[in-house]
Amino acid sequence: MLVLPDGTQLGKEFRLLDVYESYDGPRLILCQNTAGQLFLGLSVEETHEEHVWLYVAISEERRRQIENGAMDLRTVFVTPEDTFVYEVRSATTAGEISISLHRPDELQDVHLPVADERLPQLLVAQILEESLDTVARVATQRRRETVRLALRFPDVPSPEAPSRSLGQILSALQELVAAAAQAVMGEATVRGRLSPEVLLGSELRVVKTYAGSFGIELSAAQLAGLFGDSLASDALDAVARLLVAGSDADSLSSLFEELKPRVAAKYRYLIDSLFDAQAAVHFEWGSVVDGRGTVRDLSIDELRLIGTAISEVGPPLDTTYEVVGQLVALNSRTGYFELEDRTERRRISGRLDPSRFQEDQEYVVNAVYRALVRETVEVAGLTGEEKISRTLLSLELQN
Amino acid sequence: MRALSSRSEFVVALRSIYLDGEASVTSRLRIDVQTDGITLSAFEKELLRTCTFPARDTELGSVVVPSRAVTEYVRNEDSQDLLLAETDLEFELSTGRSRIALRTLSLIDWPAVTHLSGSASFWDETTVRNLGRVMHAVAPDTDSREIFKGVAVGNGWIVATDSQRLAAVEAGHLPDEVIIVPRLAIRFVLGLSDLSSCEARLAPGKATFSAGRLAVTTSLIQGVYPNWREAIPEGEETGYVEAKREELVIALRRLGPIGAYAKNKLVRIQPKGTEQLLLTSRAPDLGYQEESISGQTSLKEIGFRIPSLRELAENMESEIIRLHVIDPNRAVVTREERFVGLVMPIRL
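So the protein sequences, as listed, match chains U and L.
Quick note on our numbering: the first sequence kicks off at 218 and runs consecutively.
Quick note on our numbering: the second sequence kicks off at 87 and runs consecutively.
Only chain U is shown next, with the shape it has when bound in the complex (with noise of 0.2 Å):
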């Protein structure tokens, strides 16, 4: 029977917080005094006239590690932040509870967990799921859009994430979330700034972080319109719908075709930078909206499976046109061009294919020509701002 150590010296109005275990009634919990102070509890020997608890006091760090199975039980209680270990005795007739406190060296062996003995994973994921509100509660308390992405990092130990495979992902989800805004507003553009109302629609915040794999909450900047619709909602509405569509290569086609090229190359670069981080990501959305939110898991598998989908029905993100224009300058030492479209009036510059121009080759400058060039668009920033990159392909002297 589980009997608190209410009003002793270990405090007063204890709240149970959580069962870890249980066999016939609790076994392994966590509970708290009123002054804030957590306590890891263990049942180690229960009869007839007696249950005895031990009860070790312990930081919120020290929740966190032994949540995520990054402490075993048995150091918790063998290295106690405060030194000692309580024994409380509580009889199972009259009630009473008596306390005596050990040092660690003085627990018998046989009440500690065995070496090495974590909570299991499983449980952890509970204890997230029980101790974090829902995700659509908390959107909804917000009146925010709200994200939260548990990544789990090969071989790196948990809760921690290398800084550069994360951020690439944060930039990645940022700057599909901005896409997909910039496509449900109807103006959906290949490249090119987004305008500020879709920047400021579809700007996510990171609100915390939490324990468990390494897990990111991010909220929508600015909070939903007066009838919980938001840009951001929108935007998130079709980013859950590329993830619920998965590798079948039709879905996505068709979300491409709908949301337009930007989206999809947004997206690529998202499952990308999962894959090259080899990060399988949980993914929760709560949304204000009623009816809207998703919850999507891909493992790495799943992320290799949609980015070979994506590259089969994707727009390319190379294109190849032609220009007529006055050759300004071309350096093929440092492969440098620049040309004068006639038609549009516009300069354009960019690198020399090295496999196609020679250094002895000899232009013409002002002399007019038909140019080849290669446009790349290169994802890049935060800003909204899209990189293209032209490679001259080819030059024809115009008579």
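No lab work stands behind these hints, which were simulated from the structure alone.
Possibly wrong hints are sitting among the right ones.
Ranges between beta-carbon positions, derived for each pair [as the list claims (entries may be wrong)]: (1) U:Thr560 - L:Glu256: 50 to 60 Å; (2) L:Pro393 - U:Ser611: 43 to 53 Å; (3) U:Val585 - L:Val199: 46 to 56 Å; (4) L:Gly258 - U:Val423: 46 to 56 Å; (5) U:Val423 - L:Tyr347: 23 to 33 Å; (6) L:Tyr374 - U:Thr300: 53 to 63 Å; (7) L:Gly373 - U:Lys425: 34 to 44 Å; (8) L:Pro261 - U:Glu561: 50 to 60 Å; (9) U:Arg587 - L:Leu434: 48 to 58 Å.
Bear in mind the structure is a predicted one, so any value in this text is a computation, not a measurement.
Beta carbons: idealized from backbone N, C-alpha and C, even for Gly.
Using the hints provided, position chain L relative to the given structure of chain U.
Just chain L, lined up with the frame of chain U:
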């Protein structure tokens, strides 16, 4: 077909049936001559607009002609009278010293839309003017949500919202049925010559508004208007901004040079001492601008889109405007007699 009319009346009629008084290059103009008058009609963007004015020496008939040519001809003339006549496939306008003959366009292609007739309800001048007070909150034409591109009229209220702001005016005598009138139609209603006698005729999906010589028939926006009352936060005020309305409007207008280029057209409002408010706008590549006005706030700072706050304040009437913050995660509320305004703050 034939008629003799005053040129100036013809010009005024033309101006009144086109948005901003200007026919586009592709606009068509229908001219109907009746026994004692002429009706000019324009049909664009699902709106039929007509203006009827007196004429004499009439022979009945109808033609459709290109608007722009007619408009430019009559505007550039300075004679008093204008003679309209139709000959074979041509329509002729003449002033005595000059004339213009135009190819007529097919009457059959003219849309089969007519003004509604029958019993009408009367909208008084206050009602019509109140339509103008909420117009700023109508969503722009680029918005994908049709329902927000009009003004909801009925059930005692005139309401407009784009979901970032809302303006609602109580107008008790309106019928229970809520209709959503497109923004463009409202603009024409506001331009009716005699606002004191506006007649409204309704049919499913359609409405005709008329006053004096002018009439406009429009399709109504279909759909259920959201329950806007639910968007109004309830409870105790947790914070406020209070200012002299006129001062606030002027200050927000004065922020234009920087505000127009500020990120998200943002204005920050902060207390300045105990009796003043500091309004600041900052454009990253340009600079910043500050305006001080009389007022108080209990908040450390709050941000709004300049146009949203300015237009709300412009369309209110009280001397003092008080913005109530009830829930920091929801819209800010302002009220005055028979008027409720909501505006979403921008999170800083």
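>> Taking the earlier hints as the rules, which of them does this structure contradict?
In response: Violated hints: none at all, because every hint is consistent with the structure.
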